[in-house]
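*Asks:* Residue strings, one per chain:
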Amino acid sequence: MEVQKGKQHTTAKRMQEFAGVFFSRKLVIFGFIIIVAMILLALLVPVLSPYDPNLSSLKEVLRHPDISHWLGTDDLGRDVLTRILYGTRVSLLVGLASTLVAGVLGMALGLIAGYMEGIVDSVIMRIMDAMLAVPIVILALFLGSALGKGLGNIIFCIGISMIPRYARVTRGSVLSVKKLDYITAGRIYGASRFQIAVKHILKNCLSSNLVMMTMNLGDAILTEASLSYLAMGINPPTASWGGMVSNGYEWLSMNPCVAIAPGIFIVLTVWAFNVCGDALRDVLDPKLKGTL
Amino acid sequence: MKRLLEVKDLTMEFRQRSKTLIAANHISYYLEEGEIVAFVGESGSGKSVTQYSGLQLVPCPPGHVAGGEIWFQGENILSYGPGSEKLRQIRGGQIGVIFQEPMTSLNPVMTIGKQMAESICLHLKMSKKEARQRAEELLEKVGIPDAKERLKAYPHQLSGGMRQRVMIAMALSCNPKVLIADEATTALDVTTQAQILELMKNIVKETGTTLVIVTHNLSLVARYADRVYVMYAGEIVEAGTTDEIFYHASHPYTIGLLKAIPSLSAPREQKLVPISGNVGNLADRGQNCMFLPRCPYASKECESKGTPQPAPVGDSDTHIRACHRTLTREVLEKEQPAPQALLRTKKQGDAQENQVLLQVEDLSVTFPIYSGVFRKKIGEVSAVNHVSFQLHRGETFGLVGESGCGKSTVARAIMRLEETASGKILFDGTDITHRKEKELYPVRRNMAMIFQDPYGSLDPRQRVGDAVMEPLVNFKLGYSKKELDHRVDELFDLVGLDGTCRYRLPHEFSGGQRQRIVIARALAANPSMIICDEAISALDVSIQAQVINLLEELKERLGMAYLFIAHDLSVVRHISDRIAVMYLGQIVETGGWKELYGNPRHPYTQALLDSVPTPNPEYERNRSAHKISGEVPSPMNRPDGCAFCTRCPKASEKCRIKMPAMEQVGENHQAACFFL
Numbered sequence: 140m141e142v143q144k145g146k147q148h149t150t151a152k153r154m155q156e157f158a159g160v161f162f163s164r165k166l167v168i169f170g171f172i173i174i175v176a177m178i179l180l181a182l183l184v185p186v187l188s189p190y191d192p193n194l195s196s197l198k199e200v201l202r203h204p205d206i207s208h209w210l211g212t213d214d215l216g217r218d219v220l221t222r223i224l225y226g227t228r229v230s231l232l233v234g235l236a237s238t239l240v241a242g243v244l245g246m247a248l249g250l251i252a253g254y255m256e257g258i259v260d261s262v263i264m265r266i267m268d269a270m271l272a273v274p275i276v277i278l279a280l281f282l283g284s285a286l287g288k289g290l291g292n293i294i295f296c297i298g299i300s301m302i303p304r305y306a307r308v309t310r311g312s313v314l315s316v317k318k319l320d321y322i323t324a325g326r327i328y329g330a331s332r333f334q335i336a337v338k339h340i341l342k343n344c345l346s347s348n349l350v351m352m353t354m355n356l357g358d359a360i361l362t363e364a365s366l367s368y369l370a371m372g373i374n375p376p377t378a379s380w381g382g383m384v385s386n387g388y389e390w391l392s393m394n395p396c397v398a399i400a401p402g403i404f405i406v407l408t409v410w411a412f413n414v415c416g417d418a419l420r421d422v423l424d425p426k427l428k429g430t431l
Numbered sequence: 010m011k012r013l014l015e016v017k018d019l020t021m022e023f024r025q026r027s028k029t030l031i032a033a034n035h036i037s038y039y040l041e042e043g044e045i046v047a048f049v050g051e052s053g054s055g056k057s058v059t060q061y062s063g064l065q066l067v068p069c070p071p072g073h074v075a076g077g078e079i080w081f082q083g084e085n086i087l088s089y090g091p092g093s094e095k096l097r098q099i100r101g102g103q104i105g106v107i108f109q110e111p112m113t114s115l116n117p118v119m120t121i122g123k124q125m126a127e128s129i130c131l132h133l134k135m136s137k138k139e140a141r142q143r144a145e146e147l148l149e150k151v152g153i154p155d156a157k158e159r160l161k162a163y164p165h166q167l168s169g170g171m172r173q174r175v176m177i178a179m180a181l182s183c184n185p186k187v188l189i190a191d192e193a194t195t196a197l198d199v200t201t202q203a204q205i206l207e208l209m210k211n212i213v214k215e216t217g218t219t220l221v222i223v224t225h226n227l228s229l230v231a232r233y234a235d236r237v238y239v240m241y242a243g244e245i246v247e248a249g250t251t252d253e254i255f256y257h258a259s260h261p262y263t264i265g266l267l268k269a270i271p272s273l274s275a276p277r278e279q280k281l282v283p284i285s286g287n288v289g290n291l292a293d294r295g296q297n298c299m300f301l302p303r304c305p306y307a308s309k310e311c312e313s314k315g316t317p318q319p320a321p322v323g324d325s326d327t328h329i330r331a332c333h334r335t336l337t338r339e340v341l342e343k344e345q346p347a348p349q350a351l352l353r354t355k356k357q358g359d360a361q362e363n364q365v366l367l368q369v370e371d372l373s374v375t376f377p378i379y380s381g382v383f384r385k386k387i388g389e390v391s392a393v394n395h396v397s398f399q400l401h402r403g404e405t406f407g408l409v410g411e412s413g414c415g416k417s418t419v420a421r422a423i424m425r426l427e428e429t430a431s432g433k434i435l436f437d438g439t440d441i442t443h444r445k446e447k448e449l450y451p452v453r454r455n456m457a458m459i460f461q462d463p464y465g466s467l468d469p470r471q472r473v474g475d476a477v478m479e480p481l482v483n484f485k486l487g488y489s490k491k492e493l494d495h496r497v498d499e500l501f502d503l504v505g506l507d508g509t510c511r512y513r514l515p516h517e518f519s520g521g522q523r524q525r526i527v528i529a530r531a532l533a534a535n536p537s538m539i540i541c542d543e544a545i546s547a548l549d550v551s552i553q554a555q556v557i558n559l560l561e562e563l564k565e566r567l568g569m570a571y572l573f574i575a576h577d578l579s580v581v582r583h584i585s586d587r588i589a590v591m592y593l594g595q596i597v598e599t600g601g602w603k604e605l606y607g608n609p610r611h612p613y614t615q616a617l618l619d620s621v622p623t624p625n626p627e628y629e630r631n632r633s634a635h636k637i638s639g640e641v642p643s644p645m646n647r648p649d650g651c652a653f654c655t656r657c658p659k660a661s662e663k664c665r666i667k668m669p670a671m672e673q674v675g676e677n678h679q680a681a682c683f684f685l
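Residue numbers (my numbering), protein chains in the order written: chain R, 140 to 431; chain W, 10 to 685.
The hints are simulated quantities; they were obtained by calculation from the structure and are not laboratory data. Check before you lean on any hint, since a few could be wrong.
Said to hold, decoys possible - No more than 25 Å apart at the CA atoms, straight line, and that leaves these computed lysine-lysine pairs for DSS-like:
| hint | chain 1 | residue 1 | chain 2 | residue 2 |
| --- | --- | --- | --- | --- |
| 1 | W | Lys28 | R | Lys152 |
| 2 | W | Lys186 | W | Lys134 |
| 3 | W | Lys447 | R | Lys318 |
| 4 | R | Lys317 | W | Lys386 |
| 5 | W | Lys138 | W | Lys123 |
| 6 | W | Lys447 | R | Lys338 |
| 7 | W | Lys490 | R | Lys342 |
| 8 | W | Lys134 | W | Lys161 |
| 9 | R | Lys338 | W | Lys134 |
| 10 | R | Lys317 | W | Lys447 |
| 11 | R | Lys342 | W | Lys485 |
| 12 | W | Lys445 | R | Lys338 |
| 13 | R | Lys338 | W | Lys485 |
| 14 | W | Lys491 | R | Lys318 |
| 15 | W | Lys603 | W | Lys280 |
| 16 | W | Lys280 | W | Lys343 |
| 17 | R | Lys338 | W | Lys491 |
| 18 | W | Lys314 | W | Lys17 |
| 19 | R | Lys317 | W | Lys445 |
| 20 | R | Lys318 | W | Lys134 |
| 21 | R | Lys342 | W | Lys447 |
| 22 | W | Lys386 | R | Lys318 |
| 23 | R | Lys165 | W | Lys28 |
All chains should be modelled from the sequences, with the hints used to inform the complete structure.
*Replies:* Shown next as structure tokens:
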């Protein structure tokens, strides 16, 4: 009972420290608010907005921003703000899911490569190098055209194309962590290879990967936007930020809001994730806890 | 003598976000022409910062000189701007610095010659050709053979000792008035250390330069310094001539330090007296003496009188000390613990010692050398070469030697972390030389290891309690959850830590505390043997004594055997029952501590013992300068015949052809040399 209490106490204290370090920079607060707001709005948009995102209304084509349409309407008379908020769902989903796919697979491959070394390492890393040689958008385009459009495929494409980054970063840190005394100590004190790999090595490589994931989240959203812009992404009429920029681009001279507003959302989201990624790195460094 | 440099009331601060750390607090000292002055203190005592603040080499921010003056040749050099022409002339020109790490203080992409010529051209306004000429002369002066050829070498082509010689040559190149050696020999081996210090001493005496030795090693000071400043927590606590400091120490910290270091010349029956606790927080100085919480002589008045000011001791004009109490010899004797308490208790169970626990027979370990694009194996380096020894139950066996002699590889081979090329390792009667990883479980339970670096041997993200628990869980010792908790508490208690700190992460502990946690983990599964691989060399002197005493105490209580690997001969003498000396992968001499230290037979052992400094100026003065020259050859081109023949003063033709075998030279004493 005593022990349990002590544990809880420290967990609470740790959470407090965590928050303290995370928000030690003012910008992070803004970034964090933006992310939370985005998620809330994406969830609540059916309640908040009186418009259907996909229903066209030819009477209201390309209207400039006013009281009823805060960001105007597009070429089919759909409310831009409503579509942006529905697009948030797609963008965040694609961003989160594809980085998760890339992170998990990449870390697993990197861990195996770094831990086993030798021929396994060579094979895995050469494949990764080959993948890195192809630009992400091109790779995703290629995968997309092979697999077809659709949300699931987009996630898969972007996820696969980002694997090499994680594999490389993980392998690098595995190689350096592996040489430390506490790994040797683990071996001496009877830990199995699997235990060492997961408990000691992976845990210590996790922070750099987590930070990269938050930063890549922005990248993934951008890639999705590019793919949608290139008409290889989400099927219309489903709203996605990239698709909206691509579509609004044609009407830039008549109603710039149609292209610029989703663009601003992309920029804000990517920035917010990057800022939070930096803060996360500070938090995950055990030495910085409480000192900042 | 003229005062060359005088520092008055210097205060150096480091400003951090929320707090200000005072690294040097109202420091005053002076340097006279041509003398050797030592600054001694543990890590964080402010000894380096004090030296660097004059040259304005402390990064600013966060460093910041908060007050004081530094007078050098009639001018206050603190008044110069950090990047000013005048200051740059003093840096390197008038005051030279030799840094600790010879690896990082030379530019790896420039040849030695170019680096040396650079500062010579700048300060002495010589032409390139003249500068090269001067560089060559200097290299010869610091004892580097083929100086001309060496000028073309890159730093990585030189050994650590050679690089430090180059650093000295560079520092000397512009005829400086003051030479600061900041832990310049700490990273070097004992024999090399002695060579380098001897070299510096001779050069300094010859040219009339003032030498400042900044070090944590009190013993080293006894041999070389004329005057000593002892620093603690950013303050000078005592200063005086070497004799005054070593024989009439009157500040509790100095007294404590002198008692905490094991010495070759001290009686071995005595326990070390550690200084309790850790160095206080420099950001939170408070009103009182910084040493108060650790001071065994503290009295009531210390708590009310504020920070003590330096005051002369007796009628000496060199000896000063900052303490409220007057610790005369009588007071010290009265307040000292009874002599019996200081004696080490006799070990129990001598009969047990005849049982062999670990037997290493003819052990060799080799590492492959690869080369070329396809990493083809082109040869082998033998790191350990036909090593044999026995470790008895409940005994401490010391393995000493300089870096690269293969002592750690022996330990790793015993733990089966390194594959054995030939030979046998028997642990408790079972041959473990070629056991598979999985079959090692029951054996490894009984072995444990403590590593050198307390920072690297704990997982930074694992709570220390879980780390200590790990062996218990992994070896499936059948503890229930409650028993596990209980056992962890017990282990923390054994190593003198509070059980409640088990939920903390390693970075929240100091180096000494971490080493205690590592020891607790080693003890967890009740091993019968613990290998201590340089377990105390990364710790500060006062903490070192704490850990040594802890290891001894634990052995007394739990009766395990230690294989104690270290490069510090004084520590090994203090702790070990039997000792083996290794050189270039071989054991050259082995025996009981008494035989080995009292009557060393192998020339290498003799040379090693000659090089070890002792905290005893009298003894040091009467000791002849050491005779050993050269450096340990690389194991890749091991000499034929006796490994030591390239440096041995006695070496003959025979030694270069044939390897001498181990011979009995007395009861419990063997050596491998033709001239015994």
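*Asks:* Now, for every hint given, state plainly whether the structure supports it.
*Replies:* Going down the list of hints, with the structure as the test:
With a C-alpha separation of about 22 Å, the suggested pair Lys28(W) and Lys152(R) falls inside the 25 Å cut-off, and the hint holds. Taken as a hint, the Lys186(W) and Lys134(W) pair is honoured in the structure, with Cα atoms around 18 Å apart against an allowance of 25 Å. Distance check on the hinted pair: Lys447(W) and Lys318(R) sit about 21 Å apart at the alpha-carbon level, within 25 Å; holds. Restraint check for Lys317(R) and Lys386(W): satisfied, since their Cα atoms lie roughly 24 Å apart, inside the 25 Å limit.
For the hint linking Lys138(W) to Lys123(W), the alpha-carbon distance of about 11 Å falls within 25 Å, and the restraint holds. At most 25 Å may separate the alpha-carbon atoms for a hinted pair to count; Lys447(W) and Lys338(R) meet this at roughly 19 Å. Restraint check for Lys490(W) and Lys342(R): the C-alpha separation of about 24 Å stays at or below 25 Å, so the hint holds. A hinted pair counts as satisfied when its Cα atoms are at most 25 Å apart, and Lys134(W) with Lys161(W) qualifies at roughly 22 Å.
Annotation: proposed proximity of Lys338(R) to Lys134(W) is violated, straight-line Cα distance about 60 Å (limit 25 Å). For the proposed pair Lys317(R) and Lys447(W), the alpha carbon gap of about 20 Å is at most 25 Å, so the pair holds. Taking the CA atoms of Lys342(R) and Lys485(W), the gap is near 23 Å; set against the 25 Å cutoff, the hint holds. For the hint pairing Lys445(W) with Lys338(R), the CA-to-CA distance comes to about 22 Å; that is within 25 Å, so the pair holds.
The hinted pair formed by Lys338(R) and Lys485(W) meets the criterion: a straight-line CA distance of about 17 Å does not exceed 25 Å. With a CA separation close to 34 Å, the supplied pair Lys491(W) and Lys318(R) exceeds the 25 Å bound. Proposed proximity of Lys603(W) and Lys280(W) is supported: the alpha carbons are some 17 Å apart, at most 25 Å. For a cut-off of 25 Å, the pair hint linking Lys280(W) to Lys343(W) stands: about 19 Å separates their Cα positions.
Annotation: proposed proximity of Lys338(R) to Lys491(W) holds, straight-line Cα distance about 23 Å (limit 25 Å). The hinted pair formed by Lys314(W) and Lys17(W) meets the criterion: a straight-line CA distance of about 23 Å does not exceed 25 Å. This hinted pair checks out: Lys317(R) and Lys445(W) have alpha carbons roughly 21 Å apart, not beyond 25 Å. At most 25 Å may separate the alpha-carbon atoms for a hinted pair to count; Lys318(R) and Lys134(W) exceed this at roughly 48 Å.
Restraint check for Lys342(R) and Lys447(W): the C-alpha separation of about 24 Å stays at or below 25 Å, so the hint holds. In summary, the hint linking Lys386(W) to Lys318(R) is supported, as the alpha carbons are separated by about 22 Å, within the 25 Å threshold. Taking the CA atoms of Lys165(R) and Lys28(W), the gap is near 20 Å; set against the 25 Å cutoff, the hint holds.
The structure fails hints 9, 14 and 20 (numbered hints given earlier, in ascending order).
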